[in-house]
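A.B. asks: This is what each chain is made of:
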Amino acid sequence: MGPLRLSLATALCATLLTFVAGVLCARWRLTRRGRGSEVLDTLFMLPIALPPSVIGLALLLTFGRSSPIGELLAHLGWSIIFTWPATVLASFVVSFPIMYQTARGAFAQIDSSLLDAARVFGRSEWSILWKIMLPIAWPGIAAGTILSFLRALGEFGATLMIAGNIPGKTQTAPVAIFFAVEAGERREALILALALLAISLAAIALLNRLHRPAVL
Amino acid sequence: MRLAALLLALLTAAAQAATPITVSAAASLKDALTEIQKVYAKAQPDVVVTYNFAGSGALQQQIENGAPVDVFISAAPKQMDALEKRELLLAGTRRNLLTNTLVLIAPKNSTVIQGFADLTKADVRHIALGDPRSVPAGTYAAETLVALKLSAAVESKLVRMLDVRQVLTSVETGDAQAGFVYRTEALLSEKIRVAATAAAEQHAPIIYPIAVIKDTKHPDAARAFVAFLSSEAAKTVFAKFGFGMAP
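Sequences listed follow chains A and B, in order.
Positions 1 to 216 (our numbering) are the ones given, in order, by the first sequence.
Positions 1 to 247 (our numbering) are the ones given, in order, by the second sequence.
None of these hints come from the bench; they were simulated from the model.
Hints are supplied without guarantee of correctness; some may be wrong.
[As the list claims (entries may be wrong)] Partial chain A-side listing against chain B, Cβ under 8 Å, derived:
1. S66
2. I166
3. K169
4. A183
[Unchecked claim] Sample of chain A residues with no beta-carbon within 10 Å of chain B, all distances over it, derived:
5. R65
6. P68
7. L76
8. N165
Idealized CB from N, CA, C, for every residue including glycine.
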């Protein structure tokens, strides 16, 4: 698989995970108060505040062969480091805070009496989330999803540290661009960079569209 | 506060008095050159040597893009050739400095790999090497795999890294089950063992060329440092770290 297709597969997979985790965590956080959930909040937002190299190091320390978790996984015949799932993991971790934060903001805007009304009519919390909250909060959720996708697509530092650089397996477009520049292959780097630029522009255009009022 | 200001003034004064030279050197030279730096600081106290260690390809790129570098030591002739072609070297200063040997390493406690042929085993999931296009040690490793007719069999296991240090670390941690590094790197770590040594005819000769960069602002200090690297004092340090002197 070429670096661009691999990058798209990684970003889409990571965005899917981010979407589910971000929405669920934001929903959970909506009705929680107190010290514990504030600490968790900080933890959730941490990846956006840290350099990718710190994320990479943390993931290496957690999943590397020399760590207890890594060793356990190795015994089960699993290894994450230098495999494709590692590219998804890195992208997921760095894009999660964006999805979580935008989903929280979007949910907070919903009139809570609407949700209470639904509860009175016997709707389950799941049904309320999928049928009422998500449709109402949709513009915010969609914007968060697009931003998460872009962050996932652009992930480089942590990816290089935990997924390495195996062409066709873990070599994403940002990693391929970096190594092409190192090797003096400017043309190759430029082609990939332009392709990423096109994808990003399209995503940003879509994002802008969401914010345009539907009816004037 | 006043003390801090005084210290700062002293430091600036000291920095102004000494001639600074920047040496961009292949990552594999880090420990040997760091030790030589201490020796040189005593021999030439008025010259302050600063190092910039990275993969040779990256260093070449930096110099081509105008990085303020006085001396370049590459882990292969290729990068030096490229700079020479673009006339970025100070004429007459290029020569071969060191030689090295390529080895296959494995984590110390692993017995999976006893020789090159074991690289094809299923237990060997990842083989770390420098990116063959930009890291000389990776180029030699790729050449060795071709010579051994193993390239096709191990292609999908090869993790291409930024420099040999990264290769060493990933084998130390066991995330890669084997890796190609220089013998000099292998000597530095107690967490790995040398599983095999590449024969000289399996890859291009491993030669570290050195040259003064044309745009240097301190050509005399740079030449003097280059000359010092061939002195008996420097040779002793290089030998201690496992390097051979180029003929």
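A.B. asks: Would you pick out the hints that fail for this structure and give their numbers low to high?
C.D. replies: 5 and 8
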